[in-house]
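> Put the two chains together into one complex, using the hints given.
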Amino acid sequence: MNARPSSSRVDTAFQASLVLAGLGVATVLAGVAWEVLSLSGEALSKGGIGFLTGTTWDPVAEEFGALPALYGTLVTSAVALLIAVPLGIGSAVFLSEMATSRVATVVGVLVDLLAAIPSVIYGLWGLFVLAPLLREHVQPAVQAAFGSLPIFAGPPLGVGYGTAGLLLAIMVIPVITSVSREVLRAVPDTQREAAYALGATPFEVIKGTVFPFARSGLVGAVVLGLGRALGETMAVTMVIGNRYDISASLFAPGYTLAAVIANEFAEAFSPRYLSALAGLAVVLLGTTLILNAGARLLVRRVKGAA
Amino acid sequence: MRTTMKGPGFAGIAMILAVLALPGAAMAQNLTGAGATFQYPLQSKWSSEYGKAHPEVRVNYQSIGSGGGIRQITARTVQFGATDGPMTDAQLVEAKDPILHVPVTLGAVAVAVNLPEVTRTLDLTGPVVADIFLGKITNWSDRAIAATNPGVVLPDRAIAVAHRSDGSGTTFIFVDYLAKVSTEWKDKVGVATSVNWPVGLGAKGNEGVAGTIKQTPGAIGYVELTYALQNGIPTARIKNPAGEFVAPSVDAVTKAAAGAAANLPDDLRVSITNAPGAGAYPISGFSWVLVYRAQQECDVASALLKYLWWGVHEGQAFSAPLHYAPLPAGVVSRCEAKLKSVTCNGAPVL
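Respectively, the protein sequence lines represent chains A and B. Here the first sequence stands for residues 1 to 306, numbered as in this note's numbering. Here the second sequence stands for residues 307 to 656, numbered as in this note's numbering.
Derived from the structure by calculation, the hints contain no laboratory data. The reader is advised that the hints may include incorrect statements.
[Unchecked claim] Among the chain A residues that face chain B by a calculated CB cut under 8 Å, a handful are:
id, residue
1, 57
2, 59
3, 253
4, 264
5, 266
6, 268
[To be verified] Far from chain A, some chain B residues (derived; all Cβ distances over 10 Å):
id, residue
7, 421
8, 460
9, 538
[Said to hold, decoys possible] Derived Cβ-Cβ restraints for the label pairs, each shown as a range:
id, chain 1, residue 1, chain 2, residue 2, range
10, A, 121, B, 493, 37 to 45 Å
11, A, 128, B, 462, 24 to 32 Å
12, A, 60, B, 347, 27 to 35 Å
13, A, 290, B, 646, 53 to 61 Å
14, A, 118, B, 444, 36 to 44 Å
15, B, 346, A, 128, 23 to 31 Å
It should be emphasised that the depicted structure is a prediction, and the values quoted were computed from it without experimental measurement. All residues carry an ideal CB built from backbone N, CA and C; glycine is no exception.
Pulled out of the complex, with its shape left as it was, chain B reads as follows (with noise of 0.2 Å):
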């Protein structure tokens, strides 16, 4: 019985050691990335198609949040971090080598509002939203809003804010954008992934949010555009620049974009809510992956490299069915031109 037991044993072994050997022999590369869980559905949709193509690449995206995705690059512990709001000049400094913001996609914040009463999409103007998240407007009888709703008969009802409780690349895109028409804001709150809010009622995710102005007459409170979208929930436009009260939609993101291509900055750390632009939504931001400009491992950073040069290539098409706003041609380039600067022991990668 003994013996009979070892053979298989050994020979199970032997098969294991076997398929250990083989990837390695085929070169198989494993990338690791870590960050916004914004970004999540996108790369993992991108991880399956990309391996079809290539069935040795292997990419492992972790959902940890921006800050996380920021720490791990920051320690090297991953090869590839990801985040929606872009890493601050600290940051920067704190990583010692230069990092590079790849934008990869579009995220967007809608407006969501509870009023039973009103069946009428709402207008808003940036100003009067963010002295409603101030706790400067309190009932939505209030004049500033009745001013860009004409015809629309507004209840007297208390105002009931929900934000976000845990911190969110949604947040900091909204913060962003009233922080750009507010200087109140801008001085009192200010921006960041969580900020220490005025007023209102704190719920964790975009289902929580949600789930907070669904249940609460006379709620508003913001979610992201996709899960909006997703979830049918009714939601309010907002005026841009250009003077037009913009629904949140994917097409009226890539707009935004598109209008802030003319001036982006060179490193692409830039906000791009309050753009510029025909038919532009103003409450919108892009959504980075980060790498390091110069590389150590050959083989892993040209594996890395060939699957970003892809994801804002042919990675864009899988953008629209997921409700990702995919990125403006004028802003591919810019990604383009960042990918061919990485170097790996002095040699470019691509």
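If we strip away everything but chain A, and leave its shape as in the complex, we get (with noise of 0.2 Å):
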């Protein structure tokens, strides 16, 4: 009974702690939000929604449109997530579910190796290796195959959408298998001797318990993928072509938000270019935001109907 108070106020203490480590997380999200917020004023109230859609970038006349960007960060990272999430969860379920746990292991630390890599050096590759390697050999065979389809149409530059969207690929598969691989490793053993004992196949365990039952905590990794694919710059301005236009083709040279923001930002010669830019930030920002409330809602109706 004696020790009661002290431990009391070593509890308020904590919960105090916790709750200042909450709200300085979200004070730094305000803050930005309304720094970013602020410094675009003046871009957004006098482009209003045309600066949405206008699709010119021009610094000297002062012309600016987001869509050529926007666009091109949503193309990007859906090239980067029909890639990456196949192969991501493909993997975590071999690692989870089918590998000695000696693989799992040297395969898991390989994973985890990846995602370490810093992304200027996943860019210099994807400049130096990839890029001439897709314009030399794949992008004329590919165009061989399907060059009547508008999306691979264009001159093979080797830089440009797919480009940049492999290389995301690439980059987002170490973040979607090793936190799906966790969210795989904490579904309960009994789940699946409980199916295997009712002589369900390997398939039909993970399909029909493992899956279901992992199922939101997948979509949270695919999430994850999608934060790093959207905001990613450095490797993504290497070999995207860095083009401020819209095009069909996979082939074709584009731009992202994120890539115009780190070019320019720091040549941003009149108040109106640097508001513009923060504009920039401001989509990509509310991108960001709308694309997880999206996923968010998207896995509780998913539970809703399981």
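The following block contains the structure:
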């Protein structure tokens, strides 16, 4: 009984520090959002909805529209997820359900190492290895087979939406794999054993018992990967071609929101220009929020239905 | 144990305090500058060389880009700014107090080409370069290119244009030149550290543009002269107003500045692209330091002005080894006049 008051004091202090930590994170986010919003005020108020739908980026004439960069961000992220989700979740299933523990450990460490490579290294590799490879071998072959499709039109440059999406996929896979692996490992063994006891094949076990149990965690892994793809800057700007344009072709050069900001911020010479760059940051922030919220809603729906 | 630990702790604090107090006693002066990345290698060489002779002065130059340099000097967070493109009238108005432009070195831009079929150096005129970057000339076998390259078999190959994606003083000098030789460029695109490029791929930094050119057969792009010289990138010769095709070199840049020196405007905010004079390389420009004419802290002002004075004189000796073009004598005397016009509380500083 004697220890009680002191322990409750420790509890109070502990709770207070947790509240502070939580508020701290929220304050930082609010501060960033406020700063970016106020900096972008001029561009957003002058441009209005035109800032979002405009397709020209002309610092000389001070005419700024965000659509090509927003388009590039969405296209590259979509390409990245199309490749990375099956591969990432597939490798996670392999690691948690099929691989022997020694193989799982070795491959797991390799995957984590992949996640630790700085993005500028990915970018340099993309520019000097991946882009020439795509330009000389992959793109001509794809065009020979599917050249009539508009998404593969245009001269093979090696850089563009497709290259950026592919590079992003490689960067996103380790994120999805390592999070999914932990999620799948958290599925109780009793679930699997019960399914096997009923005579299910390994495929049926994974499809019927492991995935439903892990679903929301797997969506979380994909959302984390998406976040990385949306915000990635250095690697993307090195392989996307940095052309402020909208093209249907994956071989065409484009631009992303984060890449424009990173490229032009240091030399933004007028307040209006700086404000337009902050406007791109607002668009990026908004896109991330909407997609995150969308993914969460999706998880809730799926849960409700299950 | 406690007391023995305390002893050295106190001694340590005392020592730190003493060390902190010492430079104050020796009147050490910290000068902070910020701006153009182009000047950075030269400024950092100056800083270390000047520090050897004047250990009481420490110069800290932050290479944050010309736009950043102009913002910092306007906000008075640094003692001097630096830029590759002169401040616009609107920017000078925003700064309220008069700011002086002092040229400290010269930059130039080389036009690099990747044509595996052609081993000779290409000769290009300004309007042809402008038309290529406007997307009007799209193939290397174009007649306009052949006209200035008799005897060269030009391949039937699409031209791939490469330009900087980040804002850059290099871009400013290049498009400033294009605007002078092509009215269409001037009207449609204009001049700034980043522009709305009609065609081409953007790449980050000189190394990015050089990498894109190197990897893409048929590519043409522009890189800072220093970068082209240090990395042995094949470049084209450009026709100057005197009618000669001139290869980019440090010497040819100084000649361009000397040709322009006769007509320097009073505020030294001048573009020297397409400069007259024999042997002058046409795509070059000044890089400036920005200082307020009326200084407020006289100790700082005195250290700053002495440093800049040293820079435009003794400091020029460090230009050539770093592939910068030294200022010609006619420009140095104009810099002297500028530096002498700086005052602190009404009295001249130098």
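> Are the hints correct? Go through all of them and say.
To see whether the hints hold, each was checked on the structure:
1. 57: Holds, because the Cβ-Cβ distance from residue 57 of chain A to chain B comes to roughly 6 Å (cut-off 8 Å).
2. 59: 5 Å, holds
3. 253: Nearest chain B Cβ about 5 Å off; hint holds.
4. 264: Status holds, d = 5 Å.
5. 266: 3 Å, holds
6. 268: 5 Å, holds
7. 421: 17 Å, holds
8. 460: 19 Å, holds
9. 538: 18 Å, holds
10. A:121 to B:493: 37 to 45 Å: Roughly 43 Å apart at Cβ, these two residues keep to the hinted range, so it holds.
11. A:128 to B:462: 24 to 32 Å: Given about 28 Å between the Cβ atoms, the range holds.
12. A:60 to B:347: 27 to 35 Å: 29 Å, holds
13. A:290 to B:646: 53 to 61 Å: For residue 646 of chain B against residue 290 of chain A, whose Cβ atoms are near 59 Å apart, the range 53 to 61 Å holds.
14. A:118 to B:444: 36 to 44 Å: 38 Å, holds
15. B:346 to A:128: 23 to 31 Å: 25 Å, holds
Comparing the model with each earlier hint shows no violations; every hint is respected.
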